[in-house]
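For the protein sequence lines, the chains are A and B, in the order given. Quick note: the first sequence, position 84, residue 85 per our numbering, numbers continuous. Quick note: the second sequence, position 99, residue 111 per our numbering, numbers continuous.
By construction, these hints were calculated from the structure, which means they are not laboratory data. For every residue, glycine included, the Cβ atom is placed at its ideal position computed from N, Cα and C. Hints should not be assumed to be uniformly reliable.
As the list claims (entries may be wrong) - Just so you have them, the derived chain B footprint on chain A, three or more residues with Cβ under 8 angstroms:
#1 54-61
#2 512-520
#3 689-700
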Amino acid sequence: MSARTIQGQKNLQNINQASKDGIGGSPLRPDGNLKVKGEFAYSSDMWHEDMLWGTALRSPHPRATILSVDISEALKVPGVYAVLTHQDIPGSKYYGLEIQDQPALAIDKVRYHGEAIALVAADHPETARRAVKKIKVEYEVLTPIVTEEQCLDPGTYGYVHEPHEYKSHAYGNICHEQRLVSGLGVTDEVRALADVIVSGDYEVGMQDQAFLGPESGLAVPAEDGGIDLYVATQWLHVDREQMAPVLDLPEEKVRLTLAGVGGAFGGREDISMQIHACLLAQHTGKPVKIVYARDESFYGHVHRHPARMHYEHGATRDGKLVFADCRIVLDGGAYASASPAVVGNAASLGHGPYVIPNVKMHAIALYSNNPSCGAMRGFGAVQAAFGYESQMDKLAAELGLDPVELRQLNTMSEGDYMPTGQQIDSPAPVADLLRRAKEMPLPPPLDTAHLDVRQLPGALSNTSHGEGIVRGVGYSVGIKNVGFSEGFDDYSTARVRLEVIGGEPVAMVHTAMAEVGQGGVTVHAQIARTELGVEQVTIHPANTEVGSAGSTSASRQTYMTGGAVKLAAEAVKRALIEKGRRRYGWTHDDITLAGGKVVSARSGALVSMVDLLGDEAIDLTREHHHRPTVPFDKETGQGFGHVQYTFCANRAVVDVDVELGLVKVVELTAVQDVGKALNPLSVVGQIQGGCTQALGLAVMEEIIVRDGKVRNASFTDYLIPTILDTPPIPVEILELPDPHAPYGLRGVGEAPTVSATPSIVAAIRNATGLALNRIPVRPEHLTTELPG
Amino acid sequence: MRVTFTANGKPVEADDVWEGESLLYVLRERVGLPGSKNACEQGECGSCTVYLDGVPVCSCLVAAGQVQDREVRTVEGLTDENGELGLVQQAFVDAGAVQCGFCTPGLLVQTDALLDQDAQPSDNDIREALSGNLCRCTGYEKIMDAVRLASARKCAGKGASE
Chain A
2 MSARTIQGQK NLQNINQASK DGIGGSPLRP DGNLKVKGEF AYSSDMWHED MLWGTALRSP
62 HPRATILSVD ISEALKVPGV YAVLTHQDIP GSKYYGLEIQ DQPALAIDKV RYHGEAIALV
122 AADHPETARR AVKKIKVEYE VLTPIVTEEQ CLDPGTYGYV HEPHEYKSHA YGNICHEQRL
182 VSGLGVTDEV RALADVIVSG DYEVGMQDQA FLGPESGLAV PAEDGGIDLY VATQWLHVDR
242 EQMAPVLDLP EEKVRLTLAG VGGAFGGRED ISMQIHACLL AQHTGKPVKI VYARDESFYG
302 HVHRHPARMH YEHGATRDGK LVFADCRIVL DGGAYASASP AVVGNAASLG HGPYVIPNVK
362 MHAIALYSNN PSCGAMRGFG AVQAAFGYES QMDKLAAELG LDPVELRQLN TMSEGDYMPT
422 GQQIDSPAPV ADLLRRAKEM PLPPPLDTAH LDVRQLPGAL SNTSHGEGIV RGVGYSVGIK
482 NVGFSEGFDD YSTARVRLEV IGGEPVAMVH TAMAEVGQGG VTVHAQIART ELGVEQVTIH
542 PANTEVGSAG STSASRQTYM TGGAVKLAAE AVKRALIEKG RRRYGWTHDD ITLAGGKVVS
602 ARSGALVSMV DLLGDEAIDL TREHHHRPTV PFDKETGQGF GHVQYTFCAN RAVVDVDVEL
662 GLVKVVELTA VQDVGKALNP LSVVGQIQGG CTQALGLAVM EEIIVRDGKV RNASFTDYLI
722 PTILDTPPIP VEILELPDPH APYGLRGVGE APTVSATPSI VAAIRNATGL ALNRIPVRPE
782 HLTTELPG
Chain B
13 MRVTFTANGK PVEADDVWEG ESLLYVLRER VGLPGSKNAC EQGECGSCTV YLDGVPVCSC
73 LVAAGQVQDR EVRTVEGLTD ENGELGLVQQ AFVDAGAVQC GFCTPGLLVQ TDALLDQDAQ
133 PSDNDIREAL SGNLCRCTGY EKIMDAVRLA SARKCAGKGA SE
């Protein structure tokens, strides 16, 4: 076991010498130079001779019947090449990640504010926008179904989707539900076993991924009747799977190439402009580019599910948990997207990284006329963590225990069981993560003699010179699964080619992995160097010419596609050594590859790869499947449902202006077990970025929806943390290998986003004494709420 | 309309420009300089930041006609004549300050402008100067590292030449 602290300037020391490192080093990104030169081609930078610009007409109403659509005036606008409605769709009119319930263009009704109704292609983006305004739609506006009470009473308020409209919708306005019972469940008898019981109602607002690169891409019609799409996405193959039936093309004629991706965070897991651009390209026979403006981006992708949660925890006087009961209601909005899987995560992870003898859980996702919700970093585990960690603090206060100690009395370790009955069969150092977070040095107290307003709540608004500022400290820990769960085989494919180029052995790695900024391409090159003993590695553009790499989500890409690269590279290595054995008759049992040579550990270099390979290339493709999982039982929630678990602990230090309700996060510490840091620089970058999105959810970020209408679809009104809002984020990494995972690694990206939010809220409670049962915490909560 | 201006030291000319087009659109779609980025197009995110007559501006907020006969320098212009990375660009790569990279062009121009004004800014100065540039990936820690590194290298370079 090793632990290391990586923060600040220390990172800079190891960078230059490690430029050609294998795994465990921090070589620089292969796309870094292009990105800083402004030459990296993002999806919105795509350009083609004679290309047209596409845009969509979107519904101003969250729920309405479409009585008529008149496109005639739009078609007359000079420069317009096509105006399409659902009637122009050649194939299936519906698509969806898990349930095909979403029309590619609205058919007779709209179910959310911003739903696409018609498309325009024109020779200038402004011409397209103006033509959209000429499309006349007659609506019969209906009262939207937006609250939990309305959704659960379809007899009174109606259905978002008519009953049995699709096979999977037998539940009315419940999109998916999952129950879970373990131990004795939670009954009056079980409650009687507890000395203290605390309960609470918690609410989480709708968060947006707010990636900076807007949804965009270029569709180019091909001579074979197929289509080539250059697009920013998280999963090329699942896009294609959804697109081909709508375009009425066989999958092999829908060819996708990954264009540069400006961040994703779950928001590119669903289809956005892919089908629309292809429909316009098919119809006009010309290349069509679509680039969302920021407001359209807010309407055009799914968000994090808002949640309402009720938690009840019972414990003995000495702080041991006896039972936990929970109900989580997630608003899935108009279409299913990833809601079923999000519910599965909320139910199975919703009691946190704690050993609890008796558990009950009921998680549901609703259909409503609110914006659709689906994948966002943390995926169902984020909402629950705010609930259970708030409960831990409440319980500690009730028992007069230190909040960290109370947690440590109940944290799970390797060998313990999840409420699903799944045994934790790799390291789970939850108590240790908390201990380390607590032992990190605290930032100095506010120096009132040398105040700099930029460090205070309100910062450059100059709202305080130190008066009314109270400091608070809070802790939290969280759990997240890695990889797709519940029986899903989200395998990855990698192709590795080894050949001599310019007198040097060069490895080429070809996968369909979506590099969205996380640094997967860096890691793939590191793996190839380590396995093949070469320095030169090239990364082939990601496309659908190679098998699926699964999604860049669920903290899974290094585990899954990294694992596939490892398998393919190992196969190439074996083939090369076998070639040498055949040619030279080697009998050594200790042959490996290093420094561009085939070497024997005892006898030294046997032959250079250049000589052994000659003109031949070794080119092999392998699939990597994780160990199988099973679906959770619908009623009991039992089952070996997850591939791997990952944990992060945080400490937040905040200064609160208690008069104005302003919060400055002073420091946000993270301690995480990553199994093995394949690229420590990138790992720390992931953890710091994940913490910052959690900070956003804690105190800033919410899509405001009133009666189904989005009120803040812009970066002027939807605020994400700036560099002034973001504190130093010291990170401590543990490397406790998971024997089931490639190199022992553990997925990194999401755990800090799950765990960090509650630590910030705990710190604000610590400073103010307020209950704060809703996030994001807004100034008015701090100035008008009653003490908790 | 026709717009002529200087971009990264070279005269450029854009024809058939619609009056509502921004400098950002003209750079990206008409004169082959797509490095400046289109994340919000309302002056909130800073990813389109360019120098206009030496002053950093959000190019999405500048009407194309306003740049007639003026000088624009973009992220592409931070690279030297031989295509080598400029000091700030190199520091961002070395420090791991680039993930998806969409915010990077704007941050590079803004950092370049900051270090021109003050080669040794304090952490608070850096945070203030970059507070108009949103980044969603990094949590800003590596960006702070990059600016400190660029500052250190700039000061060391000055010391060596003096």
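How the hints compare with the structure:
Using a Cβ-Cβ cut-off of 8 angstroms, 0 residues of the stretch 54-61 of chain A lie near chain B, which falls short of the minimum of three, so the contact claim is violated. By the rule of at least three residues with a Cβ nearer than 8 angstroms to a Cβ of chain B, the coverage given for the stretch 512-520 of chain A holds, with 4 such residues. Counting residues of the stretch 689-700 of chain A whose CB lies closer than 8 angstroms to any CB of chain B gives 6, which reaches the minimum of 3, so the coverage claim holds.
Checked against the numbered hints above, the structure breaks only hint 1 and satisfies the rest.
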